[in-house]
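The whole structure should be built from the sequences, with the hints applied where relevant.
Listed in order, the protein sequences are those of chains U and G.
Everything in the first sequence is counted per numbering that gives the first Met the number 0, starting at 0 for the first residue and increasing by one.
Everything in the second sequence is counted per numbering that gives the first Met the number 0, starting at 0 for the first residue and increasing by one.
Hints are computed from structural coordinates only; laboratory data are not their basis.
Errors might be hidden in some of the hints.
Below 16 Å or equal to it, Euclidean Cα-Cα: the simulated EDC-like pairs (lysine to aspartate or glutamate) are [as the list claims (entries may be wrong)]:
| no. | chain 1 | residue 1 | chain 2 | residue 2 |
| --- | --- | --- | --- | --- |
| 1 | G | K44 | G | D15 |
| 2 | U | K65 | U | D23 |
| 3 | U | K176 | U | D123 |
| 4 | U | K164 | G | D8 |
| 5 | U | K164 | G | D16 |
| 6 | U | K148 | G | D12 |
| 7 | U | K176 | G | E42 |
| 8 | U | K176 | G | D41 |
| 9 | U | K164 | U | E133 |
| 10 | U | K21 | G | E71 |
| 11 | G | K44 | G | D8 |
| 12 | G | K191 | G | E201 |
| 13 | G | K9 | G | D41 |
| 14 | U | K164 | G | D15 |
| 15 | U | K65 | G | E71 |
| 16 | G | K44 | G | D12 |
| 17 | U | K164 | G | D12 |
| 18 | U | K176 | U | E125 |
| 19 | G | K9 | G | E27 |
| 20 | G | K9 | G | E42 |
| 21 | U | K164 | U | E151 |
| 22 | U | K65 | U | D15 |
| 23 | U | K148 | G | D16 |
| 24 | G | K44 | G | D16 |
| 25 | G | K9 | G | E22 |
| 26 | U | K176 | U | E129 |
| 27 | G | K186 | G | E201 |
| 28 | G | K44 | G | E17 |
| 29 | U | K164 | G | E17 |
| 30 | U | K148 | G | D15 |
| 31 | U | K148 | G | E17 |
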Amino acid sequence: MALNGDTLVQNEIESDVALAAKGDSSAFERLYRTHVTRIHSLTRRMLGSQIADEVTQDIFVRTWQKLGQFRGESAFSTWLHRLALNVVIERRRSFAVQRGRMTDDPSALDLVTVAPARADLKVDFEAAIEQLPEGAREIFILHDVEGHKHREIAAMLGITSGTSKRQLHRARMLMRKHLGGV
Amino acid sequence: MTLHEEWTDKLSDFLDDELTSEERYAVESHLQGCEACAAVLDELKQVVARARALEPRPSRADLWPGIAAQIEATQGRAASSASILPMRTRAGWRVTFTLPQLAAASVLIAAMSGGLVWSLRSRMIPPAAADRSADASRSNVPGQPPSVPDQPSLEREPLAERADVLPVSLADAQYDAAVSDLERALKEGRSKLDPATITIVEHNLQTIDEAIRQAREALAADPANSYLSGHLVEARRRKLDLLRRAAALSTESD
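This is the structure we're talking about:
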């Protein structure tokens, strides 16, 4: 039976997970290189670029420490993503409570509402996301970028689905300004 | 709330198919006769499409050297550190550590952080640089902070000498702010902790601070040394972890 590319990649990942769980750091480095872009993007979008590097490193160190708990019941990438989300949410709570960063300024996007040049569309859209009020931003990222459902987000963040829906709508309306809609 | 807002507030739920059939029918009927709301819906669709099309962007820096240094250090102290301060468990946040465990932690940290960096410095710092750092050490009054406590010594070196410095990945501003906040939280919860626990936590913090200071001095003399760079990252991370756990313990003691 011929194996397609995805299957081969998946097999390599599973093999590296098994090796890394036994202490093979070279195998773990391959896992890191395969997944770091997605994990770093998640941390950067959720927490900002200032601490994305440090949190990404923390996530992979914790992944290394917890590899023995991975049972293969889901894909490694799914398990890693979930672990990363836990770290990010924990870190957000920690910083928000300790540093009073839960600013909820609806005018925050005013700074980035200038219509972007076409070549900068993606970068500016990311910059606009970073400027969203924090509660709205995390739900916008989790729902519209990462594809989670409201009930999943509610469980992760300890809020109601209704709050998640309201914050998502608020975020979209603010992001709509960035498209030049208002 | 304006008439339009009454409807636009429902547009995200409409887009995500989160409305009941009656609500959906009402919105559809409104959209047929309201160009403004239909335009908002189109824009919301664009926002969602743009968000879904966002691709991951890689980090500008290679983070692996820092991770490798940390997991290497973790491997070396895994058995011991597990007995110092238990991590969060699925059953809930139970932080318990006993006096003997903390005393062991103190000895371990002193041995790992202070001695290791000191010996590395002895082996690797050129005589002239060693003299400079010894002078700097002598200039510090015992019990007082070093002359430049919050800045790596590297920042006092000429730019040309820093060109090949390996970046220490913990962002300084964020790190310093987090440490400061945790120290404040620990200070506020200090009265809830056992005096013996406080003594040992503070002793461990002093030891880690000393390790950080020595690592920075050693890096100033040997900026390209990736081991020292990783050691500094690990020492700072260890300080943050200890502060986090101690602060959490003081909260748990309520």
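(request) Just pull the numbers of the violated hints for me, sorted ascending. (result) Going through the list in order, the structure violates no hint and respects every one.
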